[in-house]
Structure formats: structure tokens, C-alpha cells
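Student: Under our numbering, the first residue of the sequence shown is numbered 16, with each subsequent residue one higher.
Label pairs and their computed distance ranges (CB to CB):
1) Ala42 - Ser159: 18 to 26 Å
2) Ala20 - Pro152: 34 to 42 Å
3) Pro84 - Pro31: 27 to 35 Å
4) Gly101 - Pro61: 31 to 39 Å
5) Glu51 - Ala20: 32 to 40 Å
6) Gly120 - Arg47: 28 to 36 Å
7) Gly46 - Leu119: 27 to 35 Å
8) Arg141 - Pro61: 27 to 35 Å
9) His155 - Gly72: 38 to 46 Å
10) Asp60 - Lys156: 17 to 25 Å
11) Gly168 - Asp50: 38 to 46 Å
Result set (SDA-like, lysine to any residue): computed pairs, CA atoms no more than 20 Å apart in a straight line:
12) Lys157 - Pro49
13) Lys156 - Ala135
14) Lys157 - Glu134
15) Lys157 - Ala135
16) Lys157 - Thr145
17) Lys156 - Glu51
18) Lys156 - Val130
19) Lys156 - Pro49
20) Lys157 - Ala137
21) Lys156 - Asp43
22) Lys156 - Arg92
23) Lys157 - Ala129
24) Lys156 - Arg125
25) Lys157 - His131
26) Lys157 - Gly46
Keep in mind the hints are simulated off the structure, nothing from the lab. Backbone N, C-alpha and C define an ideal beta-carbon position, used for all residues, glycine too.
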Amino acid sequence: MTIAALTITHAETDDPRIGQLVRELDADLTGRYPDEPCTGGAHIDPAIRFLLAEADGRPIGCCAIQPCPDGAAELKRMYVIPEARGRGAAARLLAEAERTAAALGHPRIRLETAVHQPEAIALYTRSGYTPIPNYPPYQHKKLSRCYAKALPGHDGTA
16 MTIAALTITH AETDDPRIGQ LVRELDADLT GRYPDEPCTG GAHIDPAIRF
66 LLAEADGRPI GCCAIQPCPD GAAELKRMYV IPEARGRGAA ARLLAEAERT
116 AAALGHPRIR LETAVHQPEA IALYTRSGYT PIPNYPPYQH KKLSRCYAKA
166 LPGHDGTA
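Working from the sequences, and respecting the hints, build out all of it.
Tutor: What follows is the structure in C-alpha cells.
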């Protein structure tokens, strides 16, 4: 698998490649948080926009940008398959998500992850995200960690 040949495109929410990656993400989260039911799809807005990362014609990752009522964008369903990790695919996918959110007019982007995802937390902090208080619906989740970042061309706060 050549990450140098990585392509990132917009995908429909019903794209079967997205569906497969989201199922793999849910399985990964279930393994990391066996006592917490995975509800990743419970807060999906119809206006969500998915991005699909492919290498050598094979789907290797996805994420989505969802608009929030306060004007921010929320990063959702960020996932890279295990065999593609550690090669820069997640950073490129995240950068494209940020470009997409900025192009849609969002002044900032926020996200929720959790304590048993240290590689995700490292990616986000390395990419300029800063911790913020847990926002709804995560405000009472002890394992959740929320982060935000102002997008280029904006001075928005989280």
C-alpha cells in the first residue's frame, strides 16, 4: 500500500466503502470501550459530508464534517485502517477535513475522542487542536475528551 498515492474524495453517506469503514471503526471502538455502547452514528446530521481516503484504489480511511448549530463544524467518524496507520494518511485526511470545513464557511472545528485512543489524541494535538470542555452530548461522559481548532481565515473560538 502506497500512501504517497493517497487520494481523498468526497463520498455520499450511503457509499458502501464508507459503510464498511464505519463498521470497522465501530468494531475498533467496541474493543477499546467494551462497557460503553458505540453510538457514533446517533448524532449524525443529514447535512454531514464524508471524505474517503483511498490508496492504490483501496479504501483506507474516512471522516466527516458535520455542521453544528453554533456555526462550528464537528469532525465525525475519523478512521484509518490499522495497516495504513503511521504513514501520514490520518494527518492528510484531517487536513482535508479542515479545508472542507473552512470552505463551507465554518470558523472552527471541534471533535470528541476518548482516553483509550492515544494515537488520535496525539494526532489532534500535533495538528493544533486544543482541549475544550466536553460539549453536548458528551458533557457527562467521563472517558470523552473534546478538542477544537480555529480554521484559517477565521478567528473563531471553540
